[in-house]
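When you read off a place in the sequence shown, starting at 1, and then add 258, the result is the number in our numbering.
The reader is advised that the hints may include incorrect statements.
[What the hints assert, rightly or not] Derived CB-CB ranges, DEER-like:
#	residue 1	residue 2	range
1	Arg593	Ile905	34 to 42 angstroms
2	Val546	Pro679	31 to 39 angstroms
3	Gly522	Tyr339	45 to 53 angstroms
4	Glu446	Gln313	54 to 62 angstroms
5	Gly420	Ile905	45 to 53 angstroms
6	Pro553	Thr956	41 to 49 angstroms
7	Pro882	Phe909	52 to 60 angstroms
[As the list claims (entries may be wrong)] Capping the alpha-carbon separation at 25 angstroms, the derived lysine-lysine pairs in BS3-like fashion look like this:
#	residue 1	residue 2
8	Lys530	Lys419
9	Lys461	Lys398
10	Lys337	Lys372
11	Lys398	Lys419
12	Lys381	Lys398
13	Lys419	Lys458
14	Lys419	Lys432
15	Lys321	Lys381
16	Lys436	Lys388
17	Lys398	Lys316
18	Lys436	Lys419
19	Lys337	Lys398
20	Lys321	Lys388
21	Lys530	Lys436
22	Lys337	Lys388
23	Lys461	Lys419
Just so you know, the hints here were simulated from the structure itself, not pulled from any lab data.
Predicted, not measured: the structure shown is a model, and the values here were computed from it.
The beta carbon of each residue, even a glycine, is placed where N, CA and C say it ideally should be.
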Amino acid sequence: MTVTDRTGVARFQCTTLLTRVAPLVLCLCLASCSHKGETPSGPVIRHLRLEGPDQVSKGTIKKRIATAATGWWWPFATKQYFDPVTWQSDLRRIERVYEAHGFYQAEIVSDEVKAVEGGVDLKAVVSEGKPTRVESFEVKGLESLNGAERDLVLEDLGLSKGSVFLEGRWEAAKEHIKERLRDLGFAEVELNARALVDVKTQKASLLMVARLGQRYRFGDIDIRLGPHGRLAPVWVWEQVRLAIPEGETFSDEALMEAQRRVFGMGLFAMAKVTAGTPDQSTARMPIVVEAREAPFRMLRTGAGVRIDQIRNEARLILEWSHRNFFGGMRKLTVRTEAGWAFIPNTYAVVRNQIASGPLRNGPIARLGLQFEQPRFLGRPSFTERTTLDLEKSLEQSYDALGGRVGTGVAWQPRSSLTIFPSYNIQAYWLNGPATASATAAPLTLGCANQNQGNNCFILLSYLEQMITWDRRDAPLEARNGFFASLSLQEGGGPLRGDFTYLRVLPDVRGYISFGDHDQLTFASRLRVGELLPTSGRQSAVVTRFFGGGGVSMRGFSDRRLSPLLLAPAPGQVQAGADPIMLTLPIGGDGMIDGSFEARYQLTERLVLAAFVDYGQVTQGRIGPDDVTTLLWAVGLGLRYRTPIGPIRLDFARRLRRGRPPPLLSVESGSVTSVPYWVDDSCFGFGGSDPDPAMMLSTAVKDNLCVFHIAIGEAF
259 MTVTDRTGVA RFQCTTLLTR VAPLVLCLCL ASCSHKGETP SGPVIRHLRL
309 EGPDQVSKGT IKKRIATAAT GWWWPFATKQ YFDPVTWQSD LRRIERVYEA
359 HGFYQAEIVS DEVKAVEGGV DLKAVVSEGK PTRVESFEVK GLESLNGAER
409 DLVLEDLGLS KGSVFLEGRW EAAKEHIKER LRDLGFAEVE LNARALVDVK
459 TQKASLLMVA RLGQRYRFGD IDIRLGPHGR LAPVWVWEQV RLAIPEGETF
509 SDEALMEAQR RVFGMGLFAM AKVTAGTPDQ STARMPIVVE AREAPFRMLR
559 TGAGVRIDQI RNEARLILEW SHRNFFGGMR KLTVRTEAGW AFIPNTYAVV
609 RNQIASGPLR NGPIARLGLQ FEQPRFLGRP SFTERTTLDL EKSLEQSYDA
659 LGGRVGTGVA WQPRSSLTIF PSYNIQAYWL NGPATASATA APLTLGCANQ
709 NQGNNCFILL SYLEQMITWD RRDAPLEARN GFFASLSLQE GGGPLRGDFT
759 YLRVLPDVRG YISFGDHDQL TFASRLRVGE LLPTSGRQSA VVTRFFGGGG
809 VSMRGFSDRR LSPLLLAPAP GQVQAGADPI MLTLPIGGDG MIDGSFEARY
859 QLTERLVLAA FVDYGQVTQG RIGPDDVTTL LWAVGLGLRY RTPIGPIRLD
909 FARRLRRGRP PPLLSVESGS VTSVPYWVDD SCFGFGGSDP DPAMMLSTAV
959 KDNLCVFHIA IGEAF
């Protein structure tokens, strides 16, 4: 057996071997036991200073050399020791870094190793010189292309005359030209390149010569599913042919699209689509598909915890799926969740702190079944999907028992584009808190019968069209690409149900990354929702919009960005003393929700994030005033990357600008708006006291700071 010491050098533990091995082996063991990890003998590097860099950042230079200073958080940081041989090599590396950035005259003017208390300080002085610029750039061998094709091959290469010659850009240009020529059908293209740099005149002459070869078109498809494959190869063939019609011009992008479609079938642990050996006599390129089936049956178990200032919950999760249910690639998924929720938090519920907000706790559960039938009506791009969901939920202003059943056909013309029309029925028994009087019930629950009081039954019958365009590189943790979706619902009318309404919710997200290994990512999101009741009644609470929480406007706790209803706490006796008043989120018919976020990867696992969120939820339709009075929040976050997604900690502080959510009160059978004081403290610290002369309500306890813990990115 082995152990590892602090230096990372493996050592053998010999105590258990002494009585079991021969003397020769014992001697070898003793020799290995005497081996020690080498301790660096040089002094500790306290500081590393570079003087002179202006055109090339110091951070870029320090990333390319081996010598590094000990971190400022020493003694917790790893000590960095000085090696004179490495230092001299790094001085040459610095000059090479400059050459790669176009400064071929750069040189190290001087360097210094200065002894200080506890180590050494290093300094290198650089003379950058002038940058080398592109004098000429020519690509030969493209004469057989038409004008549009030549422009496509040569656009946006960054090698125009007068631009600084960067070796990285030069290498990227060669790759781009080759990729673009392959996407035009030239699968066997060869590209020779030459860059002549005159150090004295700081000019670079660039030349590329392309040998295009033959232009190919796609031909036959060869399916290889392994010796024990149980699926019909024709099903895979259909998906590949959808992506690559026979006779289409060869391109690497078409091969990638075919691979995405095959992998998207959800039946394979490995799927690879490549080009075969070309047939020069027919100018045809065969397609080779290699795939290995995944287990058809899968059982998953897990647990989840959700913590914020307005809701705590824990749940257990069990999911079973069969990916070839009764053959034909049919898929059946059964998912169950069971847990317990505490509102606003576990401590307040246990201690019965009524002043903390509406105290609620109880079981939450969900049972979901989904059945999918691929190749619906014999069409490989169609999938029939039927879902059944039963749930028991608990929210601040109500709890619900009910479910949803829906059926529809998903059309996937491309791997990234899905159009899913469906018909759905939702039925819920809604139970409002004791504060939900007959007058307040339409606000809190949206009951069809205005006189039902604390509880009511709601039936929704609606059509929905869901369009999704997903071009993200990784859905769980995207760094590049975009996502766009549009949800349209038409409820009631000839479909019956308790409400007639239209609901629109577009969602757009974008991602772009920079630096080595996409170290810095910028992300943005915008959602704008409108609910248009046409039945002349309040909208149902299950169709309304709520904001706030870890995946919405993070300046508010879960669902707290919403119109609020002022009501006395349950069990309060209103005679004599003023009752404790609570504020219940009731949702709205309009929503604006957006974010800007920057994510910087500190280590392989740790990511630092900074974000700006904005949003508004309106009681009625969105108007121009709602856009100009958006609520804003800024914040910082930390993510720890795991195989199931990043564990996310976000701290947000709301800015004192914008119009806060409206506070409503029911008095004498009518609904009135109540002005209130906004708590401008941060978790109860700092902030100002309300002015008694202004006669403002102090019932809204939401302060300006919110903390979120979740798994997965906010978007």
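The hints, checked one at a time:
Under the hint 34 to 42 angstroms, the C-beta atoms of Arg593 and Ile905, about 22 angstroms apart, miss the expected range. Between Val546 and Pro679 the CB atoms are about 36 angstroms apart, so this pair conforms to the stated range of 31 to 39 angstroms. A hinted range of 45 to 53 angstroms for the beta carbons of Gly522 and Tyr339 is consistent with their spacing of about 51 angstroms. The given range of 54 to 62 angstroms is broken by Glu446 and Gln313, whose C-beta atoms sit roughly 40 angstroms from each other.
Evaluation of the 45 to 53 angstroms hint for Gly420 and Ile905 yields a pass: the beta carbon distance comes to about 49 angstroms. The hint said 41 to 49 angstroms for the Cβ distance between Pro553 and Thr956, and at roughly 59 angstroms that hint is violated. About 32 angstroms separates the C-beta atoms of Pro882 and Phe909, a value inconsistent with the hinted range of 52 to 60 angstroms. Among the hinted pairs, Lys530 with Lys419 is inconsistent with the structure: their alpha-carbon atoms are about 41 angstroms apart, more than 25 angstroms.
At roughly 20 angstroms between alpha-carbon atoms, Lys461 and Lys398 fall within 25 angstroms of each other, so this suggested pair holds. A threshold of 25 angstroms between alpha carbons decides the hint, and for Lys337 with Lys372 the separation of about 17 angstroms falls inside it, so the pair holds. For the suggested pair Lys398 and Lys419, the alpha carbons sit about 17 angstroms apart, so the restraint of at most 25 angstroms is met. At roughly 47 angstroms between alpha-carbon atoms, Lys381 and Lys398 are farther apart than 25 angstroms, so this suggested pair is violated.
Only pairs whose Cα atoms come within 25 angstroms are accepted, and Lys419 paired with Lys458 is accepted, the gap being roughly 18 angstroms. At roughly 17 angstroms between alpha-carbon atoms, Lys419 and Lys432 fall within 25 angstroms of each other, so this suggested pair holds. At roughly 16 angstroms between alpha-carbon atoms, Lys321 and Lys381 fall within 25 angstroms of each other, so this suggested pair holds. For a cut-off of 25 angstroms, the pair hint linking Lys436 to Lys388 is broken: about 31 angstroms separates their Cα positions.
Between Lys398 and Lys316 the alpha-carbon distance is near 38 angstroms, which puts this suggested pair outside the 25 angstroms criterion. Taking the CA atoms of Lys436 and Lys419, the gap is near 21 angstroms; set against the 25 angstroms cutoff, the hint holds. Pair hint Lys337 plus Lys398 does not hold up; C-alpha atoms about 53 angstroms apart against a cutoff of 25 angstroms. For the proposed pair Lys321 and Lys388, the alpha carbon gap of about 23 angstroms is at most 25 angstroms, so the pair holds.
Distance hint between Lys530 and Lys436 is fulfilled; the C-alpha atoms sit about 22 angstroms from each other, no more than 25 angstroms. In summary, the hint linking Lys337 to Lys388 is not supported, as the alpha carbons are separated by about 37 angstroms, beyond the 25 angstroms threshold. Proximity of Lys461 to Lys419 is assessed by CA-CA distance (about 10 angstroms); at most 25 angstroms being required, the pair is judged to hold.
Violated hints, listed in ascending order, are 1, 4, 6, 7, 8, 12, 16, 17, 19, 22; each of the other numbered hints is respected by the structure.
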